[in-house]
Amino acid sequence: MMSSPAQSAGAAPGYRPAATMPLSAEWRRQASRRRTQLTLAFMVLLPLVVLIAFQFDTGDDRGARGTSEGSSFVSLATAGGLNFALFCLFVSASFLLVVVVALFCGDTVAGEASWGSLRYLLAVPVPRARLLAVKLVVALGYSALALLLLVGTALLAGTLRYGWEPLQSTVAAELPAGEGLLRLLAILGFLAVALLAVAGLAFLLSVLTDAPLGAVGGAALLWILSSILDQITQLGVVRNFLPTHYSNAWVGLLSTEVQTDDLMKGMISGIAYATIFWALAFWRFTRKDIVS
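Take 1198 as the starting number for the sequence shown in my numbering and just add one per residue.
For the record, the hints were derived by calculation from the structure and aren't laboratory data.
Among these hints, one or two may not hold up.
[Said to hold, decoys possible] Here are the in silico distance ranges between beta carbons for each label pair:
#1 Trp-1480 <-> Thr-1453: 40 to 48 Å
#2 Phe-1253 <-> Val-1448: 26 to 34 Å
#3 Val-1288 <-> Leu-1426: 17 to 25 Å
#4 Thr-1472 <-> Leu-1426: 17 to 25 Å
#5 Met-1461 <-> Val-1288: 21 to 29 Å
#6 Pro-1324 <-> Ile-1465: 27 to 35 Å
A virtual CB, placed ideally from N, CA and C, is assigned to each residue, including glycine.
Please model the complete structure; the sequences and the hints are all you need to start from.
Set out below in structure tokens:
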């Protein structure tokens, strides 16, 4: 009878490394954590708070509103459920979504280390690469769920309040509701890919430190720094390589003819940065002395 490689190495009978730490178990563990529950609840609550805030609009400032991109989203936010969902996505994309993704991906390993439970997970034993892969997949899953909850709640609440109307913008002709919904989903998909750079950076920092706040805050601060540097035109072509340079390329999806050049560059940038950061995280974690 042939013995398995694990048994040959002295492992207990029946031990299979690939069966340790299933995704479902990690998903339930993270779901039971208070920070997960509060974050997801906030993503549902935010559109409702914005909806209530719009009820206090007296119209006195309509003449003072400018023609900037931000002002156009504000002025059209109550034109229908699609526009309301688009506005909620617009006000959240530059900071809130960055913090949420950084929270889920930056806390996942560093949180275990801060509690002193990481070494016990490895003593089960769970292979290091599998532990890291499972935690990454679950963190990305909760990040995607947060985005869906935000947009889904905003779309439902906005449609109930303002109706199912065509999608309007200042950069294109009015889009029928069906096509507008597809454009909104495409914007959500682009943001999800672009935010992979944040996920990769936060995950790398989570491996490098035992302080969850350091990983989450470090990723958010570095993202803000990249945004600031992107505003300095003197940097020239260097700005094109910053992870935040194409973060607003999703506006091209609102044009009558979709502008795909910056969209493709933004997605390539997000995937490239995420791949580099994740590779460094796996390389470091598989060689790191775990004492926490």
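Status of the hints after comparison with the structure:
1. Between Trp-1480 and Thr-1453 the C-beta distance comes to about 46 Å, which sits within the given range of 40 to 48 Å.
2. Against the hinted window of 26 to 34 Å, the Cβ-Cβ separation of Phe-1253 and Val-1448 comes to about 28 Å, which satisfies the hint.
3. Judged by the Cβ atoms, the range 17 to 25 Å given for Val-1288 and Leu-1426 holds: they are separated by roughly 23 Å.
4. Between Thr-1472 and Leu-1426 the beta carbon distance is about 22 Å. The supplied range of 17 to 25 Å therefore holds.
5. Here the CB-CB span from Met-1461 to Val-1288 is close to 25 Å, well matched to the stated 21 to 29 Å.
6. As the Cβ distance of Pro-1324 to Ile-1465 is approximately 31 Å, the hint placing it in 27 to 35 Å holds.
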